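Those sequence lines, one after another, are chains A and B. So the first sequence is numbered by this note's numbering: it starts at 49 and just counts up by one. So the second sequence is numbered by this note's numbering: it starts at -2 and just counts up by one.
You may find that some hints are simply not true.
To be verified - Within a straight-line C-alpha distance of at most 16 Å, the following computed EDC-like cross-link-like pairs (lysine to aspartate or glutamate) qualify: (1) A:196 - B:166; (2) B:22 - B:457; (3) B:454 - B:431; (4) A:196 - B:84; (5) B:153 - B:106; (6) A:214 - B:538; (7) A:274 - B:167.
Said to hold, decoys possible - Restraint ranges, calculated between C-beta atoms of paired labels, are given here: (8) B:287 - A:268: 43 to 53 Å; (9) B:29 - A:271: 19 to 29 Å; (10) A:271 - B:178: 20 to 30 Å.
Unchecked claim - Which stretches of chain A does chain B cover? Using the computed rule of at least three CB atoms under 8 Å from a CB of chain B, they are: (11) 156 to 162; (12) 194 to 206.
Bear in mind the hints are in silico, worked out from the structure with no lab data behind them. Bear in mind the structure is a predicted one, so any value in this text is a computation, not a measurement. Note that beta-carbon positions come from the ideal geometry of N, C-alpha and C, so glycine has one too.
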Amino acid sequence: MEVGLKMGKGGGDHVCGCEKVKMGFEETELRLGLPGGGGGEGEAIRKRFFSETVDLKLNLSSKESSGINPNEEKVKGLRQEKSLLPCANDPAKPPAKAQVVGWPPVRSFRKNMLATQKSGSEESTEKASGNSAALVKVSMDGAPYLRKVDLRMCNSYQELSDALAKMFSSFTIGNCGSQGMRDFMNESKLMDLLNGSDYVPTYEDRDGDWMLVGDVPWEMFVESCKRLRIMKGTEAIGLAPRAMEKCKNRS
Amino acid sequence: MQKKMAYSFPDEVLEHVFSFIKSHKDRNAVSLVCKSWYEIESWCRRKIFVGNCYAVSPRMVIKRFPEVRSVEVKGKPHFADFNLVPDGWGGNILPWIKEMAGAYPWLEEIRLKRMVVTDESLELIAKSFKNFKVLVLSSCEGFSTDGLAAIAASCKNLKELDLRESEVDDLSGHWLIHFPETYTSLVSLNISCLGSDEVSFSALERLVGRCPNLRTLRLNRAVPLDKIASILHRAPQLVEFGTGAYAAELRPDVFSNLAGAFSNCKELRSLSGFWDVVPAYLPAIYSVCSRLTTLNLSYATIQSRDLIKLVSHCPSLQRLLVLDYIEDSGLEALASSCKDLQELRVFPSDPFGVEPNVSLTEQGLVAVSLGCPKLQSVLYFCRRMSNVALVTIAQNRPNLTHFRLCIIEPKTADYLTLESLDVGFGAIVEHCKDLRRLSLSGLLTDRVFEYIGTYAKKLEMLSVAFAGDSDLGLHHVLSGCESLRKLEIRDCPFGDKALLANAGKLETMRSLWMSSCSVSFGACKLLGQKMPRLNVEVIDERAPPDSRPERCPVEKLYIYRSVAGPRFDMPPFVWMKDEDSALGLS
Chain A
49 MEVGLKMGKG
59 GGDHVCGCEK
69 VKMGFEETEL
79 RLGLPGGGGG
89 EGEAIRKRFF
99 SETVDLKLNL
109 SSKESSGINP
119 NEEKVKGLRQ
129 EKSLLPCAND
139 PAKPPAKAQV
149 VGWPPVRSFR
159 KNMLATQKSG
169 SEESTEKASG
179 NSAALVKVSM
189 DGAPYLRKVD
199 LRMCNSYQEL
209 SDALAKMFSS
219 FTIGNCGSQG
229 MRDFMNESKL
239 MDLLNGSDYV
249 PTYEDRDGDW
259 MLVGDVPWEM
269 FVESCKRLRI
279 MKGTEAIGLA
289 PRAMEKCKNR
299 S
Chain B
-2 MQKKMAYSFP
8 DEVLEHVFSF
18 IKSHKDRNAV
28 SLVCKSWYEI
38 ESWCRRKIFV
48 GNCYAVSPRM
58 VIKRFPEVRS
68 VEVKGKPHFA
78 DFNLVPDGWG
88 GNILPWIKEM
98 AGAYPWLEEI
108 RLKRMVVTDE
118 SLELIAKSFK
128 NFKVLVLSSC
138 EGFSTDGLAA
148 IAASCKNLKE
158 LDLRESEVDD
168 LSGHWLIHFP
178 ETYTSLVSLN
188 ISCLGSDEVS
198 FSALERLVGR
208 CPNLRTLRLN
218 RAVPLDKIAS
228 ILHRAPQLVE
238 FGTGAYAAEL
248 RPDVFSNLAG
258 AFSNCKELRS
268 LSGFWDVVPA
278 YLPAIYSVCS
288 RLTTLNLSYA
298 TIQSRDLIKL
308 VSHCPSLQRL
318 LVLDYIEDSG
328 LEALASSCKD
338 LQELRVFPSD
348 PFGVEPNVSL
358 TEQGLVAVSL
368 GCPKLQSVLY
378 FCRRMSNVAL
388 VTIAQNRPNL
398 THFRLCIIEP
408 KTADYLTLES
418 LDVGFGAIVE
428 HCKDLRRLSL
438 SGLLTDRVFE
448 YIGTYAKKLE
458 MLSVAFAGDS
468 DLGLHHVLSG
478 CESLRKLEIR
488 DCPFGDKALL
498 ANAGKLETMR
508 SLWMSSCSVS
518 FGACKLLGQK
528 MPRLNVEVID
538 ERAPPDSRPE
548 RCPVEKLYIY
558 RSVAGPRFDM
568 PPFVWMKDED
578 SALGLS
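One chain only, chain B, in its complex shape (with noise of 0.2 Å):
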C-alpha cells in the first residue's frame, strides 16, 4: 500500500518536495523513509555536513551523493583548541578536496574547521571548481598567504572569503593583489586573523570600492585607525564591519572624519576588532551603537568605566564578546540596558595570574541572568563561584541553552560554604530543561554526574575536567545523557569499567576524547577489537604504549564511530587497531 504512493509521485515531484526540506537531520530522515525516497534524496542533496573528517571517506560520501554543491568538514577535536591535540594529529584536508575535485566540479562552498590546509589544497580548490563562491577556514592551520593568492586570482565568482581564527602564515601582504580588477562580487571578507601582518592597503581600498555588495568586513590589526574612514566610505553599506588597532594620536580631525564615516553606515550591525583601544575614539562609533546587535570587545583592554559608557548606547544589544575588564559593575550595567542580549561570553584578561586582577565574580553573571530574559547562551571566566550564585541563576534563566563556566584555578570548591559545586550544577540542568551544551569547572565529585545524567536529557556536548571521584561519574553521563553526541574529559579519575559498560552508548556519539585520565591501554585494545565500527586512537606521545604493562593508563584516548574504518595517515604517536588484533591476534 505505502508503496504504491510513493510510486504515483514521479521522483521529480518528489524532488521538489525535499528541496524545501534544508536541515541535515530532515534530510536524513527522509532518506529513511524507503528505498525510493532514499534514492531521490540521494541525487537531490545539495549539502553535506560531516561533522568528524574520519567517519566517512570522501569516496563514500561522493558514492552517495553525486550532485553536492556545498561541503562542510570538521577535524580535530574541539580540544585541540588548547594544545592538547600534538601537531601532526592529522584532519587534513587534501585527500577530500582531490576527490571532490573529479567527482564534484561544480562545487561552490567549503567549510571547514579545525583542519589543516595546506597552500597545495587551496590551489587545488582554485584550479577545479569554475564556480567556486564560498571558503570559510575556521580555526584552520597549515596554509599562508600563497594559497590565498590563488584563491584570489582564480576564483571569479567568490563571494566569501572567511579565515575565523586560523592561522596562516604570512608570506606577503600582496595577496590581495591578486583578486583581478574586473572581479566585484565580494561579499564577505574576514582577514581579522592576519593579526600583524600588513596587507596591501590601497588594494584593499580598490577591492572595497568595487564590491557593490560586500557586506561584511574584518580587517585585521595592522589596520591602522586614521584608515577606516576612507574604508567606511567606499562601503556604507556595511552590515558586519571588524577595525584593525582601534588607536592613534588623539586628533580631532581624524576623530571626526572616523565618526563621520560611520554615522554614513545606516546599515550595521555587527562590530569587532578593538585591538589597542584608545578610549578617547570609542565615542566615534556612538552614531551606529543603536542598532547594533553583535559586539565583539574581547580584544579590547580598555576599563569597566569606558565599557560602560559604550554598553549603555546599545540597547539592541543580543551578542556581547568582552574582557573580564567590564567587573560585576559593568555587568550589571548591561543587565540593565540591554534587554535583548541572548549571549555573553567574559574572557580573562589574566588567564595565568594567581590573584584576580579585576574586580569581576559570580555577581556579575547573577545580574546578567536576572536582568537579561532572552539570555541562552554563556561563557564565562571567573576566579570564584558559589551554589547559592548556580542556583539563582538557573531559577532566574530557565531558557539557557549553552552554559560554559570556567572558573580558573582546578577544583576551585563553593567560596561560601567550601563545599563542591555539585547543587549548583545541579540546578543549572535540573531547570535549564533546553541546554545543549555545558562546560564544568571548580570542585565537583560523582554527585554531579549523577544530576547530569539524570535531568540533561537535551545535552548534546558535555566538557570535563578536573572533576569526579571514580568511574561511577562517568557512568551516569554516558548512561544518562539521552543526546550526548561530544564528550571531553580531561585529569578526571575515570577509567576502564564506565567505558567499556557503555561500550555501545559510544557509536551513539560522535565523539569521546579523554586525556590524563585512566584507562588503560589493555581496555583501549579490547573495545577497538569489540567495537568494529568505532575507532578507538590512542595518542601517546611519550612512548609506544605496547610497550608498557597493558594496566598502564593511556595518555591521551579519541574514540569516534567510523564508517570509513581505521584511518591510513596516522602519525608514529597514535595507536589504533589493526585488522589483526581486530581478529583478535595481536
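Chain A with its partners taken away, still in its complex shape (with noise of 0.2 Å):
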C-alpha cells in the first residue's frame, strides 16, 4: 500500500492532495455543505441544500455557539424531500416536525398502509393525511426514467412546478413553470400554450380522468392525483375543452 493511504502520522495530509481537515467541530461545518467561505458557488449551493436535520436542529437551539448561521433556507430545507427545493417561506403553516428523508427506515408501502387505514378511524383526515406521505410517479414524455414527488412536501402550485423543474431539468421544460399554471384561468394564454411545443403538466385523478394541473385548488389537487405526466403542449390539447369549461365557469 502506498504511503498516501496509510494512515499514519502526517499521512492524512497528504491525502488527495488538500489541504488538511481537522476533525470535529469542521468536519461538522463540511458537512453542512458549506465550503470555507466560498463565495457565488456556496449560495448556489445553500439554495440547493438539504437533509442534515438533525445537527441543524441542535444549531437552531445553540445559534450563539455554533459559529454557523442557519440561514432561512436551510431551515425551511428540513421539511423537503430530497429532490425539491426548498419551499418559500410560509408563515401561516407552522413548523412540523422536521422529516428527515428515509427516516424511521420504515418502507412506503407500510408508511401509506397506515395512513390510509388510520383515515378511517376517529382522527381527522388532516391528521392522518399530514403524516402520511403522498408519494406520485411523475412521467415526461421522452425521459429516460420515471421520478416520484411527495405532493405533501410542497404547499403551492409555484412549489410543485420548481420541483418538477428541478426533476426534469435536463430536459426542457419550457417555460410553462409557474406563469403557465396560473394562465389556464386565461383563455387566449391557455390556448397559446397548448398550441406551443413546450411542455404541459398532467394529471390522472381518481376517477382516471386526464387533466390539467391547476384548475382545482391546491389541497383538492392533493387528494385527488393519482400520478403527474409532462407531456407535449400539442398533446395536452385534448384536454383543453375541460380546462376552457372551467375557465368560463369562473369568470
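Could you use the hints to bring the two separately framed chains together as a complex?
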C-alpha cells in the first residue's frame, strides 16, 4: 500500500492533495455543505442544500455557540424531500416536526398503508394525511425514467412547478413553469400555451381522468392526484376543452 | 501427486459428487481446488447467485457457467427501501434477460431483489424460456399487470409467481384470466403487493380450484373477507395463506362459514394479510392457531388485548411480525406463550409522531429475550432504550444472530442515565458471538464502533445512522470486522481518512454505502484511481461534484467491488471514474 493511503503520521495531510481537514467541529461545518466561505458557489449550494436535520436542530437551539448561521432556506430545506427545492417562506404553517428523508427506516408501502387505515378511524383526515407521504409517479414524455414526488412536501402549485422543473432540468420543460399554471385561468393564453411545443403538466385523478394541473384548488389536487405526466403542449390539447369550461365557469 | 488423484476420477464421477454440494460458498470453494475441478464445477453449476448486479456482467457469468437453470440477482442497495437511492439510479434486469434468453434456453428460475423490471423484461422471459417455473420479484418495480399477463399466458410450467413487496402498475385486474384453463401447475402465488387493486375474483377462484399442488396463496387487500371461505374450500391443502382486508359487517353466517373453512385446512402453518381487521372475526382462525409457525400481523391495526388473545392461542409460533399496538403487555404474554419463538419484528404504528401513541418500550423486548430461549432474530422499533436493558437482552440471548434496533428519534440517549448507548450495544456484540446482522440507533459515540470492531467477528451486515464522532469510528469497523460484507451509513461524521486507510478492505466486501457523511469528492476520485476493482459511485442530485472544490463532501457514495468495470447505464446524477482518470489524467 502506498504511503498516501495509510493512516499514519501526517498521512492524512497528503490524502488527495488537499488541505488538512481538522476533525471535530470543522468536520461538522464541512458536512453542512458550506465550503469554507466560497463566495458565489456557496450561494448556489446553500440554495440546493437538503437534510442534515438533526444537527441543524441542535444548532438552532444554540445559535451563538455554533458559529454557523442557519439561514431561512436551510431551515425550510429541512422539510423537503431530497429532490425538491426549499419551499418559500410560509409563516401560516406551523413548523411541523422536521422529517428526515428515509427516517425512521420504514418502507413506503407500510407508511402509506398505515395512513389509509388511520383515516378511517376517529382521527381527522387532516391529521392522518399530514403525516403520510403522497408519493406520486411523475413521467415526462421523452425522459428515460420515472421520478416520484411527494405532494405533501409542497404547499402550492408554484412549489410543485419548481420541483418538477428541477427534476427534469436536463430536459426542456419550457416556460410553462409558474406562469403557465396560473394562466390556465386565461383562455387565450391557455390556447397559446397548448399550441406551443412547450411541456405541460397533467395529472390523472381518482376517476382515471387526465386533467391539466392547476385547474382545481391545491388541497383538492393533492387529494385527487394519482400520478403526474408532463406532456408536450400539442398533445395536451385534448384536455383543453375541460379546462376551458372551468375558465368559463369561473369568470 | 495431487494431479494423479484428480485424474483418477472420470469427470462424470466428480460431477455426480459435486451435485450434492448446494451452497454457493461451498461450490465456490470447490472451484478453487484445482483447474480441472474449476472446469467441471463450472459445467455442472445449476444455480447462481449474483449479490450485486454490477459486480459482474451477464456475459462473464454465461461464459463461465453455461448450464445454469436458476438465477438470483440483486440490484439496488438496501437503503433504496427508504428512498435514499434516487429514481433512475439503475438496476435494470433487461440486459441480463437479453443475454440469458440466448444462452440459457432452459432457464427455470429467476429471483430478483430491488431491481427495475419492465414489462419488456417480463415479456422476454415469457417468450424465451420454455420450461420456466419460478419468478420471484422481491421489492422490484417498473412493471405492470400487462407484464404479468404475458407470464400467465405463456409459462405453461409455472410453479411460483411471487411479487412480494414489489410496486406494480395496475392497469387491469384481468391479467389472471390469462392463465389458460389447461394450466394446473401453480404451487405458490403471492400478489399481496397489489394492494387495493382488484383482481378478477372468479378467475382467481377457478385458478385455485384447478391447481391441486397449490401450497402458498397470498391475496391482496382488495379480496374481501366473505370470499375467503370459498377460496379455502377449493384449497384446503394450503400451507401458507394471506388474507385480504379482514373486515366485514358482523354476521354470524359469514363468521361460521369462515371458521368452518379455516378448520378444514389442516396443513396451514403460516398466516398473513389482515388489513383493516375487525377483531370479532379473529376467532375464526383459532382452529388453526395451534399449528401456526408464522404469523404476520404487521398490517393489523388491532389493540393489545386482541393481540394477546390471538397470540396465546399460538404455542408453536416461530415467527411473529406485528405492530407496536402489541405493547409491552402483549410482548410479555408472547414471552410466556410462545417458547419456540425464533424471530420477532415489531413495526411502528405512528413512525412520525413525536409522542408515543402506545405503551411499548424496551421492557417488551427484555421480556421476550427472557422468555423465549430460541429467539435469534429481532427487528424492533421503539422510542426509548437503556444500557441496562440492552445488557440484559445480550446476557439472556447470546444466541442472537440478527439484532436491528430502531429508536425512532435519532441520537436518543439512555433514558435512565442520559448517557450514550455504547455500553449496551457493546454488550450485544460481546455476548452474541454469532451475530451476523446489526442495526444501531440512539446516541452513540466512537466507542460503540470500538466494541464492534473488537467483538463482532462474525458480523456480515452493519447499518449505522446518526452515530459516531470521528473517522476513528469508521476505522474501527473497517479494520476490526473480519466478516463484514455490507456496510451502510447515513448522517455520520465519517470522512476521508478512515476510508482511504482501509481501501483494501473494501475489496473484501460486497458494498459500502455512505450518505450525508463527510467524504470529499477528492477522496472518491483518489479511491477510484487507486482501486481498479472497485466502482466508486458518487451520487449527487444537487449539482455535478466537479463543479465544487474537491474537498466538498459528496451527497451519497456507493462503493462496490466489481470485475465488470464501470457500468454503462449511469444516469446524469451519478459520477464514476472514467478511463482517463484511472490513468491519472483528469
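Hints versus structure:
1. Straight-line distance between C-alpha atoms of residue 196 (chain A) and residue 166 (chain B) comes to about 14 Å, which keeps the hinted pair within the 16 Å bound.
2. Only pairs whose Cα atoms come within 16 Å are accepted, and residue 22 (chain B) paired with residue 457 (chain B) is accepted, the gap being roughly 14 Å.
3. Distance restraint check for residue 454 (chain B) and residue 431 (chain B): the Cα-Cα separation of roughly 8 Å lies within the 16 Å cut-off, and the hinted pair is therefore satisfied.
4. Distance restraint check for residue 196 (chain A) and residue 84 (chain B): the Cα-Cα separation of roughly 7 Å lies within the 16 Å cut-off, and the hinted pair is therefore satisfied.
5. Proposed proximity of residue 153 (chain B) and residue 106 (chain B) is supported: the alpha carbons are some 14 Å apart, at most 16 Å.
6. Between the alpha carbons of residue 214 (chain A) and residue 538 (chain B) the distance comes to roughly 10 Å, so the proposed pair stays at or under 16 Å and holds.
7. Distance hint between residue 274 (chain A) and residue 167 (chain B) is fulfilled; the C-alpha atoms sit about 12 Å from each other, no more than 16 Å.
8. Checked against the hint of 43 to 53 Å, the C-beta distance between residue 287 (chain B) and residue 268 (chain A) comes to roughly 51 Å, which is consistent with it.
9. Taking 19 to 29 Å as the suggested C-beta distance range, the pair residue 29 (chain B) and residue 271 (chain A) does not conform, at roughly 60 Å.
10. Distance hint check: the CB atoms of residue 271 (chain A) and residue 178 (chain B) are about 42 Å apart, inconsistent with the given range 20 to 30 Å.
11. Coverage of the segment 156 to 162 of chain A by chain B holds [criterion: at least 3 residues with CB-CB distance below 8 Å; count 6].
12. Here's how the segment 194 to 206 of chain A fares: 3 of its residues keep a CB closer than 8 Å to some CB of chain B, so the rule of at least three is met and the hint holds.
Violated hints, in rising order: 9, 10; the structure is consistent with all others.
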